[in-house]
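From first to last, the protein sequence lines stand for chains A and B. Its first residue numbered 1, the first sequence is counted upward by one per residue in this note's numbering. Its first residue numbered 1, the second sequence is counted upward by one per residue in this note's numbering.
Take the hints with a grain of salt, since some may be wrong.
Copies of the same chain look alike in the list, so a pair counts if it works inside one copy or between any two.
[Said to hold, decoys possible] With a straight-line cut-off of 30 angstroms between C-alpha atoms, the simulated DSBU-like cross-links for lysine-lysine are:
id	residue 1	residue 2
1	113	140
2	299	104
3	140	89
4	77	89
5	299	140
6	299	113
7	77	252
8	299	89
9	140	252
10	77	140
11	299	252
12	104	252
13	113	252
14	89	252
15	104	89
FYI, nobody ran anything at the bench for these hints, they're computed from the structure.
Number of protein chains: 2
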Amino acid sequence: MDEFELIRSYMAPLAGGEGLGLQDDAAVLSPEPGYDLVFTKDTLVEGVHFPEGYFDQDVAQRLLRVNLSDLAAKGAKPIGYLLSLALPKAIQPYQISDFANGLKHVQSLYDFKLFGGDTVSTNGPTIVTATLIGNVPSGKMIKRNGARIGDEIWVTGAIGDGLLGLLTVMEDAETDSLSPEFRSFCELAYWRPQPPMPLRQMLLNWASASADVSDGLLADLETICRVSHLGMDINLEDVPLSAVGRHWAGQKLSTLEAKLQMITAGDDYQVIFTTSPDAGSVITAFSSDLGLPVTRIGKCVAGSDVRLIDQSGQEIPVPNKGYVHFQEKTR
Amino acid sequence: MDEFELIRSYMAPLAGGEGLGLQDDAAVLSPEPGYDLVFTKDTLVEGVHFPEGYFDQDVAQRLLRVNLSDLAAKGAKPIGYLLSLALPKAIQPYQISDFANGLKHVQSLYDFKLFGGDTVSTNGPTIVTATLIGNVPSGKMIKRNGARIGDEIWVTGAIGDGLLGLLTVMEDAETDSLSPEFRSFCELAYWRPQPPMPLRQMLLNWASASADVSDGLLADLETICRVSHLGMDINLEDVPLSAVGRHWAGQKLSTLEAKLQMITAGDDYQVIFTTSPDAGSVITAFSSDLGLPVTRIGKCVAGSDVRLIDQSGQEIPVPNKGYVHFQEKTR
C-alpha cells in the first residue's frame with residue numbers, strides 16, 4: 001500500500017472541511033472574526049516519549065492529549081490539527097487503522113478535526129508530531145508572563161501520576177508493589193492524560209498566567225517565574241496527589257524523596273495558573289461545579305525562583321527541578 | 001546546554017510577535033480580516049530527504065523552501081511557521097547556530113517569522129518538520145480540484161534539476177561527467193529550491209487548479225487529475241529543462257529515458273497550474289514582466305490519467321509516474 005492510499009483510507013474520514021478531504025497539499029481555514037488563533041506543537045519519539053514498538057491508538061491519544069493540555073492552559077478551544085508521521089517501512093495497515101481510531105476518539109471528545117499533514121518513512125524510531133490550532137477571544141490568550149507578586153498559584157487535578165504512569169509502562173521495579181488496579185490507573189494516566197479543558201472559561205476569566213505541566217511541576221512553575229519576573233513559594237504538603245500517588249509515596253522509605261520525584265518528573269498534563277487573591281472563592285466554586293479539582297499550592301513573591309516550603313515554613317532543597325532534554329537524564 | 005538555553009540563544013531572535021519571544025508554550029495570531037489562513041506541513045528525514053550527517057543552514061533552507069512551494073502553489077503569502085526538531089543528543093551548538101542562520105535567511109527573503117515549535121532528542125536520524133502558515137484573500141485559495149476540461153496546463157521554472165541535484169548531492173556516478181560549474185548548479189538546485197513566490201498574484205487571478213512539484217511532475221499532475229476528475233495530455237518536448245538538464249539528458253545513451261527520469265523524480269518545488277485557454281497571453285505577459293519562466297506543457301482532457309505525448313502525437317508509455325513512500329524506491 002502506498003502513502004496516498006494509506007492516507008486516503010484511514011485519515012480522510014478524520015478531516016474537516018478545512019482539510020479538503022486531504023486531497024489538496026494544504027489546508028485552508030476561514031478564521032472566526034473576533035478570535036485569535038493559538039498554535040501548539042508537541043512531538044512524541046518512540047523510545048523517548050512512549051515505549052518502543054508501539055504504534056496504536058494509545059500513541060494517537062497520548063499525542064493529541066499532550067497537545068490539548070497546552071491549549072487548555074492558554075484558554076483556547078481546539079479547532080483542528082496537522083499531523084506529521086515518520087514511520088518505519090514495516091508499519092502495518094492494522095496499526096495505521098488503530099492509530100486513526102485513537103485520533104478519532106479524541107477528536108470527537110473535544111470536537112476538533114484533522115486539517116492535514118504529511119507522512120514520511122524513517123529507518124529510526126517512529127516520530128509523531130501534532131500542531132494543534134485553537135481559538136480564543138481576541139487578545140485573551142493566557143500567557144506565562146502575566147503573574148503578579150501576591151497572586152495565588154493553583155494546579156488542576158493531581159500531580160505525580162505522570163511519573164507513576166511512566167514507571168508502570170516502562171515496567172520499572174519502582175511500581176512492582178502496586179496492586180493490579182493501581183497499575184491500571186497508572187497506565188491510563190500515562191496513555192490518556194486528561195487535559196482540564198472544561199476549566200477553559202474559568203481560566204480565561206480569572207488566570208493571570210498559566211502553563212501546562214509537561215516538564216515537571218517545579219520546572220514549569222519556573223518558566224512562569226522567569227518570564228513574569230518573580231519568585232514562587234510552593235507548599236509541598238498542598239500539592240495534590242491522587243490516592244494512588246499518596247499510597248505509592250507513603251510506602252517508600254523516604255516519602256519526601258518520593259514526593260520530590262513526583263513534582264519534578266513531568267508528564268502530568270495538568271494546568272498551573274495564577275490568580276489575584278480575591279478570585280479564590282470563584283475558582284473554588286467553578287471547580288466544585290464542574291467536579292474538577294483545583295488546588296491552591298502557593299503564592300507569587302518577590303524573587304526569581306521557585307522555593308519549595310515544608311509545613312514549618314522551611315525551604316526544602318531540590319537538587320533538580322525537572323526534565324531537561326540533551327542532558328544526563330533518560331526516560 | 002539544555003533545550004531551553006538552546007532555544008533562547010538561537011531561535012528567539014527568529015520569532016515574530018506571534019511567537020511571544022518563544023517564552024510561552026503557544027503562539028498566538030490575530031488573523032487579518034478578509035483573509036483565510038493556509039497551512040502546509042513538510043518533513044525532512046536525514047538519509048531520506050537529505051544526506052546523512054548534515055544539520056546546517058542548507059537543511060534549514062531546504063526545509064523552509066520545500067514548504068514555501070506549497071504556499072506558492074496555493075496563492076498564499078507566508079506569514080509564519082512552527083518548527084519541530086528531532087535531534088541526536090550529540091548535536092553541537094555551532095550546528096544549531098548554522099541551522100538558525102539558514103532559517104533567518106529564508107525568513108528575510110520571504111518576510112515571515114518563527115511562531116514556535118518544539119525540540120526533542122532522538123537516537124535515530126535527524127527529523128525536521130515545518131508547519132507553514134500563509135494567508136490568501138477569503139475564499140481564494142487555489143485548490144487541486146478546480147481544473148476543467150479544455151484548460152491549459154503550465155509549469156513554472158524548469159523540471160528535472162531536482163533529480164540532478166539529488167544525484168549530485170548523493171555523489172551518484174550518474175552526474176560524474178558534469179563540469180564543476182554544472183555540479184554547483186545542481187547542488188544549489190537541491191539545497192535552495194526557488195519557489196516561484198512572485199507569481200502568487202498571477203496564480204490567484206488566473207489559475208483554476210495548482211499544486212507544487214514535489215513527488216514528480218507526472219505524479220503531481222495526476223493528483224490534480226484525480227480530484228478534478230479529468231485527464232491530461234502532456235507534451236514531453238514542451239516540458240522545460242534547464243541548460244544543465246538539457247546537457248545531461250543529451251549526453252545519455254537514451255535521451256528519452258533521461259527525460260522520463262527527470263519528469264518522474266520530483267524535488268523540483270516548481271508550481272504546476274491550469275488556466276482557461278483565453279488566459280494564455282496574460283500569463284505570458286506576467287511571466288516575462290517578472291522574468292520568471294512559465295511554460296505551457298499540455299491540456300486537460302476527458303479521462304482520468306496523465307498521458308505523455310511525443311511530437312508525433314503518440315503516447316509514450318511511463319512505467320512509474322513518481323516517487324512513492326513505503327514502496328520499493330529509495331533515495
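Violated hints, by number in ascending order, as checked against the structure: 2, 3, 4, 6, 7, 8, 9, 12, 13 and 14
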